[in-house]
Amino acid sequence: MYAKSSSWDFTALKPNGTIKWRTETKGPVIDAVIGKQGKIYVTTSNNTLHIFNQDGTIEHSVEIHGANNLAAGSNGEIYVSANNYVDSKSTLYKIDEFGNIIWEKELDNHLTKPVIGEDGTIYISSFHALHAVNPDGTTKWNLDLDETEVPIVGTRPPKLTSNGDIIVSMSNKISFISKEGVELWSIIENGKDFSEPEPGKDGVFYFTKENTLNAYDSTGRNKWTYVLPSGTYIGYSKPTVLSNGYIVVIKYTLFEDESTLLVFHPEGFIVGEYSFRKMTSPLEGKNHDIYLGTKTGLISLSMLGEGEQPPTGEEPTTGWKQIDGKMYYFDESGVMKTGWLQSGGKWYYFNPSGDMVIGWKKINNKWYYFYSNGNMAYNTTIQGYKLGKDGALIP
1 MYAKSSSWDF TALKPNGTIK WRTETKGPVI DAVIGKQGKI YVTTSNNTLH IFNQDGTIEH
61 SVEIHGANNL AAGSNGEIYV SANNYVDSKS TLYKIDEFGN IIWEKELDNH LTKPVIGEDG
121 TIYISSFHAL HAVNPDGTTK WNLDLDETEV PIVGTRPPKL TSNGDIIVSM SNKISFISKE
181 GVELWSIIEN GKDFSEPEPG KDGVFYFTKE NTLNAYDSTG RNKWTYVLPS GTYIGYSKPT
241 VLSNGYIVVI KYTLFEDEST LLVFHPEGFI VGEYSFRKMT SPLEGKNHDI YLGTKTGLIS
301 LSMLGEGEQP PTGEEPTTGW KQIDGKMYYF DESGVMKTGW LQSGGKWYYF NPSGDMVIGW
361 KKINNKWYYF YSNGNMAYNT TIQGYKLGKD GALIP
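Here the sequence shown is numbered in UniProt numbering, starting from 1 and rising by one per residue.
Calculated directly from the structure, the hints in this document are not laboratory data.
Please note that the accuracy of each hint is not assured.
[Claimed, not checked] In silico lysine to any residue, SDA-like type, Cα no more than 25 Å apart, as pairs:
#1 K20 - Y85
#2 K89 - N100
#3 K209 - N172
#4 K20 - I64
#5 K140 - S178
#6 K39 - P28
#7 K361 - S343
#8 K366 - E332
#9 K39 - S74
#10 K26 - N75
[Said to hold, decoys possible] Simulated restraints, written as ranges between beta carbons of each label pair:
#11 E273 - L184: 33 to 39 Å
#12 N373 - I394: 33 to 39 Å
#13 W21 - S178: 25 to 31 Å
#14 S162 - T253: 20 to 26 Å
#15 E273 - T57: 17 to 23 Å
#16 K326 - I102: 22 to 28 Å
#17 G38 - W340: 53 to 59 Å
#18 G137 - G359: 46 to 52 Å
#19 Q54 - P28: 42 to 48 Å
#20 S230 - D87: 44 to 50 Å
#21 W21 - E273: 44 to 50 Å
#22 G388 - L341: 18 to 24 Å
#23 P352 - I394: 23 to 29 Å
#24 K89 - K386: 50 to 56 Å
Note that CB positions come from ideal geometry on N, CA and C, so glycine has one too.
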C-alpha cells in the first residue's frame, strides 16, 4: 500500500501497517497510480511527475506545469491531467513508462481525473463538459453538459459502467451518457449537491445527496433511498462500492468531531457502523479489507467476504421495493405510495394496492400509457394513439 502524508514525501506501507520506505518528493503529493511494470507514478504540487521504482528510489522526474490527476493505461502508458492556472490552460498528456511525452491535447479548463475505457478511449471532464479522446490524441467527441436552464457548477471525474457507458456528476446534475457521446437521461435538482456517482453490480449506481444515499438503475429509476436522521450529513462522502457489492459511506454529524463509517447492503440497509475521528475516503484492499486515514493514523478494517452472511439489519422502508415481481414505492416515512409520483424527473402511477402501473391506465377519465419501467409516455404516439405533453391521450 502507498500513502501520501501531510509532509512532502511519499510512503510505502507493508501489509501489517509498518513503513516499508519513505521518499521525499519536494512538494505535497496530489495523486498516484501504479503502472503496468509496477512503477509508481506520482504528481506533486510543484509541477512535477515522479516515477518511483518499487524500492522507493525515483527513476525519473518530469516537469509538467499544473500536473494534477493520473490514470494508467493497459499498455504501460500514463495519462496526466494538468491545470495551469497561471496561463489559464488545461492539458491532457499521454506519457510513456519512462516519462517521455507522447502527445499533449489542450482542452477546457478545470480538467478532472481521466478514466480509460476498455477500447482505450480516454474520458475526462472539464468545468461543464465531458470529453472523449482517442488513444492517438484525436478527439472522439465532446459533450456540453450545461445545456439547461438550471445553472451547472463544476464537473466531477467520470465513472464507467460495466457496459462502457459513462456517469458524470456536477453540483446539481447527474448525467448518464452512452459511449457514443449521447446523453441518455439526467437528474437535475437545483440547490442540491450530488456526490460523485459510483457504479455497482447489475447496472446499479450509487450517490449521496445531503443526508441520503441513493441507488439508481441504468434506466434512471430510483431503486431505493436511505434517509439518515436530521442533523447528519453524508453528502460530502463519495460512496465506495466493495467487490462483494456492499456500499461504504462516511456519515458526519453537525458540531461533532467524530464521524461514522456506514456499510450498506446492496438492498439498502445498514450492516455495519464504525466511528472514528475525521476519516478520509475508504479504500478496499485484498480480502475485502478497508483502509482509511483517521486523525490518529491509518486504520484497517476487516469487511465481509464473498458469500458471507451480513449481520441482521432492518429492510429499507424508503424508496423502490420489488415484492412478488411488482414494484412499489415507500416515502421517507415508510408509507407505501399510491397515485402519482415524480421521481428522477419521470412520472409514475401506483394502483390503490400500491403496485406500479405498466401499460394503459385510465386516470380521472383520461388515458395514459406507462412503459415497462413505469415511466409515463408523453409527446409521442403509442399503438397509433397520440399522447400530449402532459401524457394524456389526445382525443
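A quick look at each hint next to the structure:
Simply put, K20 and Y85 have alpha-carbon atoms about 36 Å apart, too far for the 25 Å limit, and the pair is violated. Simply put, K89 and N100 have alpha-carbon atoms about 21 Å apart, close enough for the 25 Å limit, and the pair holds. Proximity of K209 to N172 is assessed by CA-CA distance (about 10 Å); at most 25 Å being required, the pair is judged to hold. The straight-line distance between the Cα atoms of K20 and I64 is roughly 28 Å, outside the 25 Å bound, and the hint therefore fails.
A distance of roughly 13 Å separates the Cα atoms of K140 and S178; the hinted pair therefore holds under the 25 Å criterion. The suggested pairing of K39 with P28 holds, with an alpha-carbon distance near 19 Å, which does not exceed 25 Å. Distance restraint check for K361 and S343: the Cα-Cα separation of roughly 19 Å lies within the 25 Å cut-off, and the hinted pair is therefore satisfied. Only pairs whose Cα atoms come within 25 Å are accepted, and K366 paired with E332 is rejected, the gap being roughly 29 Å.
Under the criterion of a C-alpha separation no larger than 25 Å, the hint pairing K39 with S74 is consistent with the structure, at around 13 Å. The straight-line distance between the Cα atoms of K26 and N75 is roughly 29 Å, outside the 25 Å bound, and the hint therefore fails. Distance hint check for E273 and L184: the Cβ-Cβ separation is about 36 Å, which falls inside the suggested range of 33 to 39 Å. Distance hint for N373 and I394: a CB-CB separation of about 23 Å, inconsistent with the stated range 33 to 39 Å.
At about 44 Å, the CB distance of W21 to S178 disagrees with the hint of 25 to 31 Å. Range check, S162 to T253: about 35 Å between beta-carbon atoms, so the 20 to 26 Å window is missed. Restraint check, E273 to T57: a C-beta distance of roughly 42 Å breaks the suggested window 17 to 23 Å. Range check, K326 to I102: Cβ separation about 54 Å, and the 22 to 28 Å hint is violated.
One distance hint, 53 to 59 Å for the beta-carbon pair G38 and W340, holds here, with the actual separation near 57 Å. Checked against the given bound of 46 to 52 Å, the beta carbons of G137 and G359, roughly 49 Å apart, stay inside it. Against the hinted window of 42 to 48 Å, the Cβ-Cβ separation of Q54 and P28 comes to about 22 Å, which falls outside the hint. For the pair S230 and D87, the beta carbons lie near 46 Å from each other, so the given range of 44 to 50 Å is met.
Between W21 and E273 the beta carbons are some 35 Å apart, a value that contradicts the proposed interval 44 to 50 Å. Range check, G388 to L341: Cβ separation about 20 Å, and the 18 to 24 Å hint holds. For the hinted restraint 23 to 29 Å between P352 and I394, the CB-CB distance of approximately 27 Å keeps it satisfied. With their beta carbons about 51 Å apart, K89 and K386 fall inside the hinted range of 50 to 56 Å.
Figure legend: structure checked against the earlier numbered hints; hints not met, in rising order: 1, 4, 8, 10, 12, 13, 14, 15, 16, 19, 21.
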